[in-house]
Amino acid sequence: MMNGITIGQFFPGNSLLHRLDPRVKILLTLCYIVAVFVPSNWYGLGMAVAFLIAAVLLSRLPLKLIFKSLKPILPILIFTALLNMFYVSGGVTLWEWGVLHLTTQGLIAAAFLAIRIIALIAGSSLLTYTTGPTALTDALERLMRPLKVIKVPVHEIAMMMTIALRFIPTLVEETDKIMSAQKARGADMESGGLFKRIKALVPILIPLFVSSFRRAYELAMAMECRCYHGGEGRTRMKQLHMGLRDWLALLTMALLIGGMIVLNVFVTPVL
Amino acid sequence: MSKHSPHYWGIRMALLEVRQLNYVYAAGTPFEKHALNNVSLSVEKGELIGVIGHTGSGKSTLVQHLNGLLRPTSGTVVLDGKDIWENPKAIRSVRFRVGMVFQYPEHQLFEETVRRDIAFGPRNRGLSEEEIEAAVKKAASFAGLREELLDSSPFDLSGGQKRRAAIAGVMAMEPEILVLDEPTAGLDPRSRERMLSRIERYRRENGTTVMLVSHSMEDVAAIADRVLVMNRGEVAMFDTTEAVFSRAEELEAMGLSVPSVTRIFFELRRRGYDVGGNVYTVEQAVARLLPLLKRGCSS
Chain A
652 MMNGITIGQF
662 FPGNSLLHRL
672 DPRVKILLTL
682 CYIVAVFVPS
692 NWYGLGMAVA
702 FLIAAVLLSR
712 LPLKLIFKSL
722 KPILPILIFT
732 ALLNMFYVSG
742 GVTLWEWGVL
752 HLTTQGLIAA
762 AFLAIRIIAL
772 IAGSSLLTYT
782 TGPTALTDAL
792 ERLMRPLKVI
802 KVPVHEIAMM
812 MTIALRFIPT
822 LVEETDKIMS
832 AQKARGADME
842 SGGLFKRIKA
852 LVPILIPLFV
862 SSFRRAYELA
872 MAMECRCYHG
882 GEGRTRMKQL
892 HMGLRDWLAL
902 LTMALLIGGM
912 IVLNVFVTPV
922 L
Chain B
101 MSKHSPHYWG
111 IRMALLEVRQ
121 LNYVYAAGTP
131 FEKHALNNVS
141 LSVEKGELIG
151 VIGHTGSGKS
161 TLVQHLNGLL
171 RPTSGTVVLD
181 GKDIWENPKA
191 IRSVRFRVGM
201 VFQYPEHQLF
211 EETVRRDIAF
221 GPRNRGLSEE
231 EIEAAVKKAA
241 SFAGLREELL
251 DSSPFDLSGG
261 QKRRAAIAGV
271 MAMEPEILVL
281 DEPTAGLDPR
291 SRERMLSRIE
301 RYRRENGTTV
311 MLVSHSMEDV
321 AAIADRVLVM
331 NRGEVAMFDT
341 TEAVFSRAEE
351 LEAMGLSVPS
361 VTRIFFELRR
371 RGYDVGGNVY
381 TVEQAVARLL
391 PLLKRGCSS
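Heads up: the protein sequence lines correspond to chains A and B, in order.
Numbering-wise, the first sequence is residues 652 to 922 according to the working numbering.
Numbering-wise, the second sequence is residues 101 to 399 according to the working numbering.
This is chain B alone, in the form it adopts within the complex:
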């Protein structure tokens, strides 16, 4: 690590910072709605943040501020030490640095071939043809699209393939931060798991910061470093996965729930079984329960 790296000195510089963000929909009309209320948070490079919250909690509104699709009513979004709205004309350049995958992204496909659709972002960015080709191939492999699919029409793909093609389209812009809004919505459990491991692998190999918006506690618990909990337009919690899920009662009060395995472990502990600390994934649970079961059998 070089001496110039902030990490060397033990200072972690935030890649993305949101300061005192407020957003009001339809201001001045009877439909006025305060969607975000004094939201502040900071995200470091390479982190994987899970964003959870009830419908209407403001999580989608928040992430749309990160790449300048929405302009804050007040407050700032700071990317790499610079306010993204410093120069409103240059807001497009922010969109390449903060890639955003919307909910049901498969509905945005439009090109004649998958290859050209994935290339839409990089081409808008102004990359050369060779760079575009390389970015498309790389993104397709991260998203789990076989190369022979690249020359077919996106409308001939299966639902899951379409979703992956659309995600590849954002990955191909090689953003520093990748925001995914419900990338596993409507997928079967197996595709879900695969999708999450692809995202995880993408982050690991590129060092990209990832923000994963999700309803599913299971998804978030499995791969996130930290979890941001939104409630009624405010940050309710922003802490490590462990710390957040240990506050199960507060989460339930917000209409959220901890992963089912975690709940089972709570209940086991309540009934007096010594099952140790919190558990968020099935794998963890298996590792914790197997020795207990073996001990139980031998006694």
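This is chain A alone, in the form it adopts within the complex:
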């Protein structure tokens, strides 16, 4: 029933984007999110889109995946575009009906915003498509390290995330098993009204909670047995190294944002 579930949306591969240091990828994503909001003219936005297209091509991901990541935001996209179309006024009025005015300026604003949102979502989805969950939490831990100064338990947070991710498939399997067992005892989960169906979940949720707690105790015990005592003095098997391509990627991003700022100064804004 729940076979073949994928955790997160990691799409394994060996492209340039896959091989980038995960820390760099997180930083690039954060920068890119800011970058799409920097340009005030078409040239700047064009640069952002070009950067995105280059990144998608370098990732060698099937284009279908990128479109799939855009699907859930489609309603938001349409809503904001419509709102902009009718709220922003200026330029030539194309159509009028009561309080609704459709102007050329409104259309431009709507298109501008829609492209921004698409670039934003597609760009950030590249991060999760090309980075495995463990690499992601690892990188997060390293990037959040400065927060230790203000007593944020960085290592513990990262460990919690890793454990949570690790146990999702286990939990799915367990749910499957318990569901089968209760169905074998005649549990009826497919019929009845809402209330009846919610009640039918009790025989599944209770054993699931019980086993989650049991698993947590067992894991804690196993970690204690191996003398786990938090992040202090802990070394890692996979060290993260910044290579030439990582610095180049950061440089490209710096150039992108720099270029956008320059364009903002010299080109008249569209909005």
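Derived by calculation from the structure, the hints in this document are not laboratory data.
No residue lacks a Cβ here, since even glycine has one placed at the ideal position from N, Cα and C.
Be aware that one or more of the hints could be misleading.
Claimed, not checked - Heads up, incomplete: computed chain B residues facing chain A, CB under 7 Å, no partners named:
id: 1; residue: R192
id: 2; residue: R195
id: 3; residue: F196
id: 4; residue: M200
id: 5; residue: F202
id: 6; residue: F210
id: 7; residue: R225
id: 8; residue: S228
id: 9; residue: N331
Could you slot chain B onto chain A? The hints should help.
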């Protein structure tokens, strides 16, 4: 025996029949796996069938088809002459007729008291309160749960007691066929033996057909009438216990092994001792060896 009974005429009608069953996991994805390949078998009323096979041989997949938890990719499961998927909406009624105890069934307990947990199945079946109460008591006694335990929380029981409570929960549905997937997994030798004798007694007194899935050859040899050997999604052998265990080499080739006593007897025979035919249980071995030892002492 009445004249209407098929046994009277010497015809044995199969209670459960599996015909040309195929099952493919995750069809159409890169993870596709042919778990069952043209499996056909028939089981008669009151039989105790041992199902053995290596991990991934398809034995658990097969038994999940018997009560309609899995739907065959092709082929049919026929219960009492009727295809169980004839009316997919009525598949729940099949689950009461073919009771299924999963591996580590103690993980499925959820009610506040053991009594209510055992009653879950019969209640789903729609029995009256009196019938439920009677079924619970009967099942608890077959499973070896003392009555005073019935009002405690299932989470306060010991591991072995939990397992028995869970098995009682399936027995209480009074199925015609009881399928147990590794009921002795993780039990100590003594609890193992007790568990098997309880299952044996349950079958004897209720005439229920039992299918016992197990890794342990010892378990199967001790109580099964016939043994079904699964290998790579196919039926490798389905014969009397004697016939199956006499093919020790084939079994070993499938990564299975005959009971240790049987192996010792093979070896004894190979070394030229006259120990007679095959032996599957320690009791049999004792009965066979004692006279030999006595003869040896006197000569």
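A quick look at each hint next to the structure:
1. Hint on B:R192 holds. Least Cβ distance to chain A is approximately 6 Å, under the 7 Å limit.
2. The closest approach between the C-beta of B:R195 and any C-beta of chain A is roughly 5 Å, which is under the 7 Å cut-off, so the hint is satisfied.
3. The closest approach between the C-beta of B:F196 and any C-beta of chain A is roughly 6 Å, which is under the 7 Å cut-off, so the hint is satisfied.
4. Contact between B:M200 and chain A, as hinted, is supported at the beta carbon level, the nearest pair being about 4 Å apart and thus within 7 Å.
5. A distance limit of 7 Å between C-beta atoms decides the matter here; for B:F202 the minimum to chain A is near 5 Å, and the interface restraint holds.
6. The interface hint given for B:F210 holds, since its Cβ lies 4 Å from the closest Cβ of chain A, which is under the 7 Å cut-off.
7. Interface hint at B:R225: satisfied, since its Cβ lies 6 Å from the closest Cβ of chain A, which is below the 7 Å cut-off.
8. Look at B:S228: its Cβ only gets to about 16 Å from chain A, farther than 7 Å, so that hint breaks.
9. Hint status for B:N331: violated, given a least beta-carbon distance of 23 Å to chain A, over 7 Å.
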